[in-house]
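2 protein chains.
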Amino acid sequence: MSTAEQAAKLAVVTLPTDREIRIEREFDAPLERVWQAFTDPQLLAQWWGRGNKLVIEKFELERGGHWRFVEHGPEGVHGFEGRFREIVPHERIVQTFEWDGMPAYVIVDTATFERVGPDRTRVVSMSLFHTTEERDGMLASGMEGGLNQSYAALDRLLASQR
Amino acid sequence: MSTAEQAAKLAVVTLPTDREIRIEREFDAPLERVWQAFTDPQLLAQWWGRGNKLVIEKFELERGGHWRFVEHGPEGVHGFEGRFREIVPHERIVQTFEWDGMPAYVIVDTATFERVGPDRTRVVSMSLFHTTEERDGMLASGMEGGLNQSYAALDRLLASQR
Numbered sequence: 001m002s003t004a005e006q007a008a009k010l011a012v013v014t015l016p017t018d019r020e021i022r023i024e025r026e027f028d029a030p031l032e033r034v035w036q037a038f039t040d041p042q043l044l045a046q047w048w049g050r051g052n053k054l055v056i057e058k059f060e061l062e063r064g065g066h067w068r069f070v071e072h073g074p075e076g077v078h079g080f081e082g083r084f085r086e087i088v089p090h091e092r093i094v095q096t097f098e099w100d101g102m103p104a105y106v107i108v109d110t111a112t113f114e115r116v117g118p119d120r121t122r123v124v125s126m127s128l129f130h131t132t133e134e135r136d137g138m139l140a141s142g143m144e145g146g147l148n149q150s151y152a153a154l155d156r157l158l159a160s161q162r
Numbered sequence: 001m002s003t004a005e006q007a008a009k010l011a012v013v014t015l016p017t018d019r020e021i022r023i024e025r026e027f028d029a030p031l032e033r034v035w036q037a038f039t040d041p042q043l044l045a046q047w048w049g050r051g052n053k054l055v056i057e058k059f060e061l062e063r064g065g066h067w068r069f070v071e072h073g074p075e076g077v078h079g080f081e082g083r084f085r086e087i088v089p090h091e092r093i094v095q096t097f098e099w100d101g102m103p104a105y106v107i108v109d110t111a112t113f114e115r116v117g118p119d120r121t122r123v124v125s126m127s128l129f130h131t132t133e134e135r136d137g138m139l140a141s142g143m144e145g146g147l148n149q150s151y152a153a154l155d156r157l158l159a160s161q162r
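Chains X and S, in that order, give the protein sequences.
The working numbering applies: residue 1 is where the first sequence begins, and numbers increase by one.
The working numbering applies: residue 1 is where the second sequence begins, and numbers increase by one.
To be clear, the hints were calculated from the coordinates, so they are not data collected in a lab.
Check the hints yourself; a few may be wrong.
The list treats identical chains as one, so a pair stands whether inside a single copy or across any two.
Result set (SDA-like, lysine to any residue): computed pairs, CA atoms no more than 20 Å apart in a straight line [claimed, not checked]: (1) 53 / 149; (2) 53 / 153; (3) 9 / 117.
Construct the complete structure from the given sequences, taking the supplied hints into account.
Rendered as structure tokens:
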């Protein structure tokens with residue numbers, strides 16, 4: 001893979017307002033497969049935790065349902081949880097997100113799935129924070145690197161399904 | 001009780017910013033008793049649900065702990081839940097709040113307890129919403145009336161302890 005191709009695989013992170021983070025990333029797979037990788041807990045477990053072991057304690061994919069993941073990485077164990085606000089199949093998932101390390105700091109994440117081509121799918125994630133300080137804290141936490149690791153793991157999963 | 005005294009018993013609701021609601025209310029009881037009424041689930045169950053039956057399914061009063069209450073009122077059953085961010089005994093509780101009817105719409109509530117006199121305590125609650133629309137929806141929901149009913153039930157509980 002050339003350097004340009006590798007660069008193309010990084011998520012594009014922008015700050016549309018002072019309390020939001022927008023993340024755009026394309027995947028070489030049909031929309032249905034990408035949707036499945038985001039909504040089937042067996043598949044989610046293979047990429048969400050940056051390639052680390054991920055225990056899915058709860059994943060109630062419906063309005064009002066709760067989710068809880070525990071990542072077991074070399075630097076420790078981290079719990080994450082939230083609740084689903086809206087699920088529109090093959091289009092959109094709106095859910096909350098919080099990390100056990102900062103309990104009750106709650107982000108609203110909206111993931112939108114767009115068909116770019118028969119084997120190309122764009123995922124746009126918008127994260128809304130209660131305050132600018134929380135948003136900037138997330139940016140400073142190394143989120144972007146972790147996200148790119150997770151999406152690289154998702155690339156590998158999608159490639160293995162071809 | 002005179003009309004003036006009754007009026008003095010209503011919470012003072014103000015809107016300090018476009019995403020916040022501030023609620024101030026005084027109670028005729030020592031700070032320690034008011035704190036106890038907010039933190040002992042046996043006591044909370046007697047006033048939090050506006051005098052309706054309240055089932056406390058979870059109340060883990062510590063940083064990162066979860067809470068969940070179910071109110072059984074004449075107009076139906078309503079679940080509420082959240083998580084504790086910070087607890088400073090006799091001073092402050094910061095926690096999230098969401099109603100099952102609007103899952104994943106999360107409010108951050110900060111309750112501050114102030115000693116006004118040996119038998120008078122002020123409770124100031126600040127609620128922070130993700131959007132102005134959510135804040136205004138809460139105001140339009142009849143929140144203020146329900147809150148005053150709950151605080152009247154708390155007045156009765158505190159009076160019964162004298």
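Here is what the structure says about each hint:
1. 53 / 149: within (13 Å within a copy, 49 Å between copies)
2. 53 / 153: within (12 Å within a copy, 49 Å between copies)
3. 9 / 117: within (16 Å within a copy, 63 Å between copies)
In the structure shown, no violation is registered for any of the earlier numbered hints.
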